[in-house]
Structure formats: C-alpha cells, structure tokens
Amino acid sequence: MKVFHALSGKLYTISYFIAGLMPIPITLDVLARLILRKSLPGIIEMEEFMLVILVFLGLAYIQAEKEHIRIELLVSRFPQWLQTVIDGFIYLASTILFAIISWQTYLQAIKKIGTKSTALGIPISIFLVIAAVGTLLLTLIVATDFLKIAKKIIKDGKWLYLLVILALGVLIILLPFYIKTLPFRISGLSLGSLGALFLFLLMLLGMPIGFAMALAGYLGLLMATRNAVAAFSMLGIAPYFSTASFILAVAPLFILMGELALYAGISDELFEAAYKWLGRLPGGLAMAAVAGCAGFAAVCGDSMSTAVTMGTVALPEMKKRKYHPGLATGCLAAGGTLGILIPPSIGFIFYAIITEESIGKLFIAGIIPGIILASMYIGCIYIIARRNPALAPPGEVFSLKEKLVSLKGISSMLILFLIIMGGILSGSFSSTEGGAIGAMGAFIIGIVRRRLSWEGIVTSIKDTAKITIKLFMILIGVGILGYFLAATRLPHLLANVVTGLPFNRYFIFTAMCIIYIILGCLMNVIPMILLTLPAIYPAIFAMGFDPVWFGVVIVILMEMGQITPPVGVNVYAINSVSPDVPMETTFKGILPFFICMVICIIILVLFPQLATFLPALLFK
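If you're matching positions, the sequence shown starts at 6 in the working numbering and goes up one per residue.
Take the hints with a grain of salt, since some may be wrong.
Below, computed lysine to any residue pairings styled on SDA-like, alpha-carbon distance capped at 20 Å [unchecked claim]: (1) K324 / K71; (2) K117 / S130; (3) K325 / V582; (4) K160 / T89; (5) K157 / V169; (6) K71 / Q88; (7) K7 / S130; (8) K327 / A395; (9) K157 / D92.
What follows is a set of in silico ranges between Cβ atoms, one per label pair, in the way DEER data are often shown [claimed, not checked]: (10) R326 / K160: 26 to 36 Å; (11) Q88 / V410: 51 to 61 Å; (12) F508 / V410: 49 to 59 Å.
Simulated from the structure, these hints should not be mistaken for lab results.
Quick reminder that beta carbons are idealized off the backbone N, C-alpha and C, glycines included.
Construct the complete structure from the given sequences, taking the supplied hints into account.
In structure tokens:
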C-alpha cells in the first residue's frame, strides 16, 4: 500500500507539472497568429495529449487522498457496521470496474499501434498506454482500500458481512457472461429510469460520483444491449476519448487563471476599492464584500473559491465593525454564488460541454443577470442596514482622491476580463485559447506586481490539477453513462413524455426548478450539471425554451442549492473561514439573499431578453 501511494504521488507530480505547462503552447500559438499571421502546428493535439497525462496520472493520487467528489450526507448517518459493508462493496465494485477499464484501454492501445496523430505524427498508442497505466494504479489503490475494509471485518469476526460484499462483487463479474440468458427484456424508458435510480442510490451510499456514473453506465449498457463485447469495448474507448479533447482543455485553463488570480492578491485590492466607494453607507462593508465577490468572479469562475477568498479578506473587517455574524457570513456565502454566474464561469463551461452550446454566448449571457443579482444583494443589504443600523453600521468616509486612487486595485481584474472577453467576442481566439491567455495574464500580472510568490505559483498549479482531475473523473463517468443513455434513448423518450404532459410548460419548468434547488443541497454545481443535463436538456429544448437562457437560469438555480440547508457547501466554506459563527446563524443570514435569487429567476422568466439580448447582439 505504501508503494502504491508513493507511486501515485510521483505520478501526480507529473500531472500538476503538465497543468502548469498547458497555457504556454496555446499562448504562443495565439501570439504567432496575431503577430506573424501564422499558426503553430499541432497545438490542438499537444493540448489533448497533455490533458490525458494530467488526468490519468493523477486519478490514483486523488483516490489515495480520498478526494474524489462524493455525497456523504446520507451514509454518514448510518451505523458504523453498515458504513463498513457499504464501503467494502463500493471499493470491490470499483476495483472490478477499473480493472476492466485498464485492461480494455490497453487492448485499444494495442489496436492503435502504428496509428499516429495527424499534425505531430506522435503514436496515439503511447497515450492510451498512459491512460491504461493510470487507471491500473487507480485500480490498485482502490483494491488496497477494499483489503483494508476486509481486514477490519475479519478482525471484528463479521464474516457474514464480507461474504455479502464478495457475493455482490461476484454478481458484477458474472453478469456479462449470463446477460444473454435473462428471460426478460425491459423497455428503454423503464431501463433508463431504473438505471437512473440505481445511479442515485450508488451516489447516496457514498460512491464517488464519477465511479457511480461509470458503474451504472457499464451495467446499464450490458442490460440494454445484452452484449458483453460492446460493453467492454465501450469501457476501453469512453474514458480516453472523454478526456482527449481540445475543447475540454478550457476547464483546467480557466481554473488555473482563477487560482493564479487568488494567489496574486487580486481579491484584496478589489475589496479595498469597493470599501472606499461603498464603506460610508449603511452596511457598506457588506456591500463592498458583495461588490468584491462580483469583481473576483470576473477572474475566478467558481462560487466556493470566490466566497472563501473574499471571506478571508472581508470577515475580519466586519467583525471589527461589530457586524451581525449572520449578515456578515450570509452576504459572503451568497456573494460567492456570483462566481459561477459572472463570466468566465466554470458552470457555463461545463453546461456548454454537455449541451454543445457556445461558451462565448453563455459567458455574455451571464453578464446582465450577474450585475442584476449583485445589485439586488447590495440593495438588500442597504434595506436591512437602514431598518436596523446596529446590524451593519456604516464605515469611515474617504475623500474623492482616495476613491479614485483605489481604482488602481481593480485594474488587474479589468485587464484580464477585457482581454478574455474582448478576444473571444472579436474572434481573435476561442474560449479555450481565452483560458490560456487569461492564465498567462494572471501569472504575468502577479509577477510584475510582485504579489505572486513561488509557493503561490506551485500551490495554484497543484490546486488546478486536483480540481481538474476530480471534475474529469466525473466527465469520464458521464462519457460511459452516455453510451447507456444512447442505448436506452432515455433523454429523447423523457423529452417526449414531458412535452406530452397536459400541463403548461412553465408549470413543468417550475417543478424542474424545485428539483434543482433540492439537488443543489446535496452536491456541488459541476457534478449536478454533468449528472442531470444529458437527460433534462432535450426536454427543455423540446418545450421551446432558449438553451442559452436556460443555461443562465440553471446556474442560478444550482447556486441557490449551494447556500441552503442541509448541506449548503458555500455556507460550510464560509464556516471554515469563520468557525466561531454557528452554521445555523449563517443559514438564517442567507434567507434575504435566497429571496433575491428567487426574484431574479422570476425576472428572467418574465424578461428572458435580459439573458439573450447581448448574445443575440454580439453573436450574429
């Protein structure tokens, strides 16, 4: 076990080193195109290969650190013996699944011997072997986790538990060989629905979301096709090709930009500038915190990071001014939700990946709703502070000169935002290239201003690799699950059922909104997008809703779940910054801002042009 964990750490070093290199080739290509009118050959292939190395060489390390994304809300409340049995089944089933994936990926590598990439002429089999090796090490790490559980069960004398776990594992192994002999067939809609229920069960039992999607997709495809060869081949194809995509490189590039911006201290300057302009008003510090969140969202793209970053800066100041703890933490948890609405947004990126909508259109669509929501938050704080000044006393008054000088602090954010959005809108570079330019821009700004240390650079690269690997494990699961959904035609059948219901489309839309708010209480935004959209999106499209508008709405809906109990991950994130404030207090402080989000959704339903006007104007 020590050997496997040490090896996974070494491979992860390569993984995050690659994450740091990814922006460089794209940036050089963009500069060559703009200055020399020439494009460098093979950049797309280079990025695809680097993405494969980054993801597959890091999967085992993330598992060794137990950091793959999972839902622990339900299973954590089970008795210890039941948790042990469930964990044992999860680890055994995952061992079998990833062993098959590794084996099948290796067979695909053998088949591709002699096949070279078009531009660079590099054998593709090399990277399939890397994917197979990375998955094999993940298999070994998961297997050691199972053996630890088995050892504990044996030590406790609970042999029956171990037999149950092994029986379930044997069932998974034997299913491909007996699938054709099953005496019954299930309709696509029924099988798809059962597969979805099985998937949710696995996730609620604590199986990492990517693992659960892959297992449900594999077993579901076996049931749908009754063809073990087809299911095995899919496991060899889907993981690699769910990763080796230039379009998907947009995710780690924008994540890296946000991480570099964080360690470059941009958040401090944004808050200081906002405070000097808004601080003298009732609730001015809280308003400045929200304004800072909105500004940092323009260079970050993640709600939790935005909330924690601005909370680290703003909460100490609000405590000094005797702000009510509920209002102080509540405005920051809610302000963090702007991180995934104001572009560039990781939520929009993954929405675009699943729906094949334009990332640029979605980015632009989020601007006006983001400004509206931020303004509503600020207005809400003002009303609360005016009604009860003791909750949020005004701060000090600054001169006009001090205010104008403070605007230097927002220059870094504005430069990055204008370069990225300006380049995408002008057609100078694509969204993926915009991520690389943004990451390089954040790096250069941090170095020039001497705010980015070597330690900050390394930490930002490590964090980028870690976040990317966790998200791509889910994308791999989505890729495998997609084959099952295609075999059952569940998305299209579901769309037909929904459109055939004798209800107004807005009634159905409202029901979907409630479901998304509930799901948001259980899991993070990106896993939720990746999990639900393949099935939900065709129904939304069939009902005649604008897909870009729905992208904006769904991001706000999901963020509503991020600040509501029982989970409310943004609240937990703020609690890590201010552990002395009870979470119940923060949840109470969230209520006014939750109402603002509901009103914002209603406004977007009544006036969808607020989300669609700019994309229609700028993307003709």
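To see whether the hints hold, each was checked on the structure:
1. K324 / K71: With Cα atoms ~35 Å apart, K324 and K71 exceed 20 Å; violated.
2. K117 / S130: Roughly 5 Å between the alpha carbons, so the hint for K117 and S130 holds.
3. K325 / V582: holds (15 Å)
4. K160 / T89: Cα-Cα ~13 Å, so holds.
5. K157 / V169: Since the Cα atoms of K157 and V169 sit roughly 15 Å apart, the hinted pair holds (cutoff 20 Å).
6. K71 / Q88: holds (16 Å)
7. K7 / S130: Violated. K7 to S130 sits at ~30 Å, over the 20 Å cutoff.
8. K327 / A395: Holds: K327 and A395 sit about 8 Å apart, inside 20 Å.
9. K157 / D92: Since the Cα atoms of K157 and D92 sit roughly 12 Å apart, the hinted pair holds (cutoff 20 Å).
10. R326 / K160: 26 to 36 Å: Violated: the Cβ-Cβ distance is about 55 Å, outside 26 to 36 Å.
11. Q88 / V410: 51 to 61 Å: holds (57 Å)
12. F508 / V410: 49 to 59 Å: This hint holds: roughly 57 Å between Cβ atoms.
Against the hints set out earlier in the document, violations occur for numbers 1, 7 and 10.
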